[in-house]
Amino acid sequence: MIPRHIDWTALGVFIFFFLLVTVMGFWASRWQAGSDHKHLDEWGLGGRKFGTWITWFLVGGDFYTAYTVIAVPALVYAVGAYGFFALPYTILVYPIVFLIMPKLWKEAHKNGHVTAGDIVWGRYRSRPLELAVAVTGVVAVMPYIALQLVGMEVVIKALGLTGEIPLTAAFIILALYTYSAGLRAPALIAFVKDLMIYIVVLVAIVLVPAKLGGYHHVLETARQAYESKGGATGLLLHPQQFVPFATLALGSALAAFMYPHTLTGVFAAKSANTVRKNAIYLPAYTVLLGLIAMLGYMGWAAHVKVESNSDVVPALFNDLFPSWFTGFAFSAIAIGALVPAAVMSIGAANLFTRNFWKAYINPQVTAAGEAAVAKVTSLVVKVGALVCILFLPTQFALDLQLLGGVWIVQTFPAICFGLFGLGRWFRAPALLAGWAVGIILGSWMAFADHVKPVHAFVIGGESISVYTGLFALAVNIIVAIIVQLFAGNRGVAPNAEQA
Amino acid sequence: MKYLLLLPFIGLLWVPFYNFENPYFLGLPFFYWYQFLWIPITAFITWLIYRKHYAQEEEQ
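Chains A and B supply the protein sequences, listed in that same order.
Quick note on this note's numbering: the first sequence kicks off at 1 and runs consecutively.
Quick note on this note's numbering: the second sequence kicks off at 500 and runs consecutively.
These are computed hints drawn from the structure, not numbers from a lab.
It cannot be assumed that every hint is accurate.
[To be verified] So, partial list: chain A residues that the calculated Cβ filter (under 10 Å) puts toward chain B:
hint: 1; residue: LEU87
hint: 2; residue: LEU92
hint: 3; residue: PHE98
hint: 4; residue: LEU99
hint: 5; residue: HIS217
hint: 6; residue: THR221
hint: 7; residue: ALA225
hint: 8; residue: THR233
hint: 9; residue: GLN241
hint: 10; residue: ARG276
hint: 11; residue: GLY290
hint: 12; residue: LEU291
hint: 13; residue: ILE361
hint: 14; residue: VAL365
Beta carbons: idealized from backbone N, C-alpha and C, even for Gly.
Chain A with its partners taken away, still in its complex shape (with noise of 0.2 Å):
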C-alpha cells in the first residue's frame, strides 16, 4: 500500500503548507498582541481575549487532534461499531462544557488562574491538592504529545519519506514558534488546520465511497469482514459491549476538558458566553469526527492492505487520491499535530510554572519571570516527547495515553466540585484522599488488565466490562464523601470569594 519510492507532487504540496503554518506561527507573536507582552497571561492564554470564531478555531483543532484522524478509524477498522463510542463521547462532552466551563472560566478570569492547580489552590489552599491536580495534568498530557508525533510519524511516513530527521526538523520548528509566540501560534494556525481537515474529510466521504461503490457496499464488505473473522465485533454492538461502549462514552467526556490542553482553550477565551456559544457550534467537528470514523469501514471496502491499522487512513488516501491531493490530505494531518501539540506543551508549562516554580521553587516570582519558565519548560516538554516517540517503543505512549485517560478524570472532583452547592461540601483532604485511591486503584486495574481501557467484572455468573477511569471515579467520590464524613471540616471551606 505505501509507496517506498516518494511521490514528488505529494510532498511537494506538504512542504509548502507546512511552511505556511510555519511562517504563520512565527508572525503570530505579533497577532493581537497585549501591551505587556512578556506577561505569562500573554504568552500562556494569549491575552485571554480569544473571541467566539478564534476559540471554536483554536478548540476545535486542539481536542479533534491528528492522533484522532489516524486512531479512531484504526479502531473502527479493527473492531467495528464499538470504536464508534468517539460520536457520542464527542457529542456528550458539550453539555457538560456548558453546564461546568463558564464558571471555571469565571473563577479563572477574577483571580487571574492560569491552570487547574490555580483553580484549586485559590479555592482550596492545599498545596498538596494543587500538586496532585498539577502532576496529574502534566503527566497525562505527555504522552498525548507523543502520539501527535506518532500521526505525523506516519503521514511521513506515507510520502515516502524514511529515517527520523523529518519529524526531528517538524518538531524543532514546531517548538521554536511556540516559544516565541505562545498561544497565539497554534490559535493562528488552527484557522488552516482545521479548513484543512474539513476540505480533506468533506472530499474523503463523497469521493472514497463514490469510488468504492456506495455507502451500502462499504458496510457490507465491511460486515463480511468481520464476519470472516469470527464476528466478534460488527456493525452493530454485542449486547456484552453495550456498557463499555457507553461507559467508555461518558467517561471519556468527563475526562476531555481536566486536559490541561483543552482548559488552556478555555481559559483563553474573553468571556463566559464565549465558552458558552462553543459549547453549541462545537458539535459541528463531532459531525467531522463521525464521517471521519467511517474511513474505518472504507478501508475495508478499499481492500487496502496495511501493517498496523493506524495506516488505515493514510493507505486509503494514497490508494484512491491524485497525489496532489494526498499531499494536501497528509499535510492537513501533520499540521493538525502541530496545534494540539502546541497547545499541549504550553498547558504543561504553565502547570510547572505556577503549581511548581511558583509554589516551592521562586514565591517571589515575577509575571514577566512566569512566562520566562513557561517558555523554556514548554521546550523541554515537547523534547522529551520527541526523544520517548524516537527511543521508545511507540506502544509505550499508546498504554501511557491511555492510562492519562484513567488519570486526569481523577481530577474532576478537586477540580468541578466547588463550583456547585452541594460539591462545596468537600474539603481539600477528602478531594485528595478520594484523588489518591482513584489514581492508584485505577492504574492497578488498568495494569492488571495488561493496560486495556475496560474492566471485567464478574457480577453473579456474568461478566460486566466497565471503563476503568469511570469505575476509578466512582470509588473516588465514594472515598471523597466518605473522608468528608469523618475529617468533617479540617481544611479551608472551599472560598466562596473565589467562584
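Keeping the supplied structure of chain A fixed, place chain B upon it in accordance with the hints.
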C-alpha cells in the same frame, strides 16, 4: 429547563435504544444516523438554554 440537557445522556448512553440496523437512512444503518442525529439535537437544546438564560449576560 437545564434538565433538558439530560436528554442526550439518556438517548445515547442507553444503547438498547439504538443498536439496530433498520431503518436505513442515506445508506447508513439506524445505529449510525441515530447517533449523528443527536449532534444537532444536543446543540439545539444547548442553544435554547443559552438564549433563555445567558444571552443577556454582559460580555466582560
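For each hint, the structure was consulted:
1. LEU87: At 5 Å from the nearest chain B Cβ, A:LEU87 passes the 10 Å test, so the hint holds.
2. LEU92: holds, 6 Å
3. PHE98: holds, 5 Å
4. LEU99: The hint holds - A:LEU99 has a Cβ within 10 Å of chain B, the shortest such distance being about 7 Å.
5. HIS217: holds, 9 Å
6. THR221: Violated. Min distance 13 Å.
7. ALA225: violated, 16 Å
8. THR233: Status violated, d = 13 Å.
9. GLN241: holds, 8 Å
10. ARG276: Status holds, d = 5 Å.
11. GLY290: holds, 6 Å
12. LEU291: holds, 9 Å
13. ILE361: violated, 33 Å
14. VAL365: violated, 27 Å
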